[in-house]
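Student: Residues per chain, in single letters:
Protein chains: 2
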Amino acid sequence: ASKKLQAQRWRERATAADKQVQNKKSEISAIKTKQTMPRPVLLIHGGAGDIGDSRVAGKFKGIKDALRAAWPQLAAGKSNAMDAVETAVRSMELDEAFNAGYGACLNTAGEVELEASFMEGHELRAGCITLLRDIMHPITVARRLLEQRRHVFLGGEAALKLALSTCSEQLAPGSLVTPSAQQALAEFKQQQAKGADTTYARTELDALRTDPSGDTVGAVALDMQGLIAVGTSTGGITGKWPGRIGDTPVLGSGTYADNLMGGVSTTGHGETLMRYNLAQRILAAMQHQQLSAQAAAEQECQRMTARLGGTGGAIVVDPQGELGISFTSRRMAWGYVSDGVIHYGINQQEMLQEPFDLA
Amino acid sequence: ASKKLQAQRWRERATAADKQVQNKKSEISAIKTKQTMPRPVLLIHGGAGDIGDSRVAGKFKGIKDALRAAWPQLAAGKSNAMDAVETAVRSMELDEAFNAGYGACLNTAGEVELEASFMEGHELRAGCITLLRDIMHPITVARRLLEQRRHVFLGGEAALKLALSTCSEQLAPGSLVTPSAQQALAEFKQQQAKGADTTYARTELDALRTDPSGDTVGAVALDMQGLIAVGTSTGGITGKWPGRIGDTPVLGSGTYADNLMGGVSTTGHGETLMRYNLAQRILAAMQHQQLSAQAAAEQECQRMTARLGGTGGAIVVDPQGELGISFTSRRMAWGYVSDGVIHYGINQQEMLQEPFDLA
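Chains A and B, in that order, are what the protein sequence lines are. Just so you know, we're using the UniProt record's numbering here: the first sequence kicks off at 1 and counts up by one. Just so you know, we're using the UniProt record's numbering here: the second sequence kicks off at 1 and counts up by one.
Careful: at least some of the hints might be erroneous.
Copies of the same chain look alike in the list, so a pair counts if it fits in one copy or across any two.
27 angstroms max Cα-Cα, derived DSSO-like pairs, lysine-lysine [to be verified]: (1) Lys78 x Lys64; (2) Lys61 x Lys78; (3) Lys161 x Lys189; (4) Lys161 x Lys194; (5) Lys61 x Lys161; (6) Lys189 x Lys64; (7) Lys194 x Lys64; (8) Lys161 x Lys78; (9) Lys194 x Lys78; (10) Lys61 x Lys189; (11) Lys189 x Lys78; (12) Lys61 x Lys194; (13) Lys64 x Lys161.
The hints are simulated quantities; they were obtained by calculation from the structure and are not laboratory data. Every value quoted in this text rests on a predicted model; they were computed, and no experiment measured them.
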């Protein structure tokens, strides 16, 4: 009985504390939105790094394709935040312009090992997958894990088993390997043989022609019911050791969603993002310092790079649908749709716009 | 050049911001410690959960043994925070009273899959290991990974390869399995066959006689140079799926160290700790709300359990050496030494004391 009483006391204390936060947020929200209904938001990224000029057009096409696949349903209230995130990420996993699914980076053995995570901000359910091979859509496997409510994080054979038991098809070995990824690995190995510093793998090596490293994909969505969902999917970094796990499947580093705080998906040098806990640090700056999503993303990306050297970026949505987009890498591909206009970019301080159409 | 300038600008901004934090901390420190030198601290835990009465004595003995092994060197300034953490955790990995190394929980296949993480708060270097088999001291493998400065997180075969290449010995399969862990798995399977809710595995099943679940081990240390180090090691939870990854190797959930914020090691229901990002939320409450280590640990453990249902606990050290110890599980074993007295406990509101001697 005393255990029950104690649990009751915790619940009351915690509820009171959360209500205070919630009241404050509601106040801010009321001022910001002048009492209008929450508008759905879908913000996506296609990876951060030293992306070569020749690859920019492919990134832009892939970003637009993903928004075309996922946005109209969400905007019309016909799909929720989780559906929008899954649809957008699946579109980019199929696209060889991105380092996820088909076109993923290769490890030193020339193989693809995939990672993904999925989180929703109402109950904080999550699914994280690592060291998965020969599956086209790791983001869907992560969502299936989230829905099972048993474990949060699965690796290797266990992730494959879950994929196969939830209707993913196992591809023939090597199906996800592209010539471009093979070329990147060959260049990486040449650099390493010459004694170049490959600490950041391919995220910041200016001399290289192609750089699929760090071009992780991610999506953050807010729906009309106020649900925030986040998904991230990656092939890691070129020349990683087999068995290396990056930030993407790590909650609080690659992905985090909490309806009370906001949602974040990150990309860049995984080891740096993990050591800094970039996603959770951005949300803490929003929650405790009352920074906007944009200011918090800028502050924390910059502090991370100043302190650790490695670069990266983040996309952020707060509970009122305000956006944050920031990166310390040379480039990060991103995009969203607002009022029938698609906003996108890849360079610092750049925002391109054009009418959003489904053609 | 403009890239360099921008990097320079970030560095200045970040340095200025961090200095502000540091100045504030120094002020508080000066008030608190009246300008005395920082005293070393070593705070350890031996797991949280519904630990049976018959297992309390073994836990206390294990906690004292670990402090005897690690504390005198640290207190005398003959070892640093990283050495103290490694020594304390290794002592508990050898002890079958804890769910780490020998005596670890078994997965549904009756096998041991080990996890560990190690982090230091000066450069934020870290090493995390998961799905490791047949190695006695995962904490040492994690430290070796940290020292290599290449990757932060390795799983499965890659973790084993690193262990063997850094002088760990591979044990015969089954060497780490104890009769007590086998009994716990058998009971878990009986409960599951009866249709009992095994969501929290063995952390909260009152009816069971033994509960090695969640009895993860961890250590947080601060040395005379102001370095904070944290290490955590576990066998996960009884009846986990093979391939399940818990919070222990996840930075920001199971382990985090930052000299500017503090150090945290957590234990309890891994899925809950990961979804909540317990370690990083505690540090954020200290950094942004100016809560003490104790108040922050209490607030965040209680909010986590109120929101998600699962229980857990944390040990915390702030940059001035102030301690935080809190848990929402029924019991959590913990201990530290101060002024020649060993302080330890396992029940809520309990602090036992006795002279610290090396016998």
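Student: Okay, which hints does this one fail, numbers in order?
Tutor: 5, 6, 7, 8, 9, 10, 11, 12 and 13
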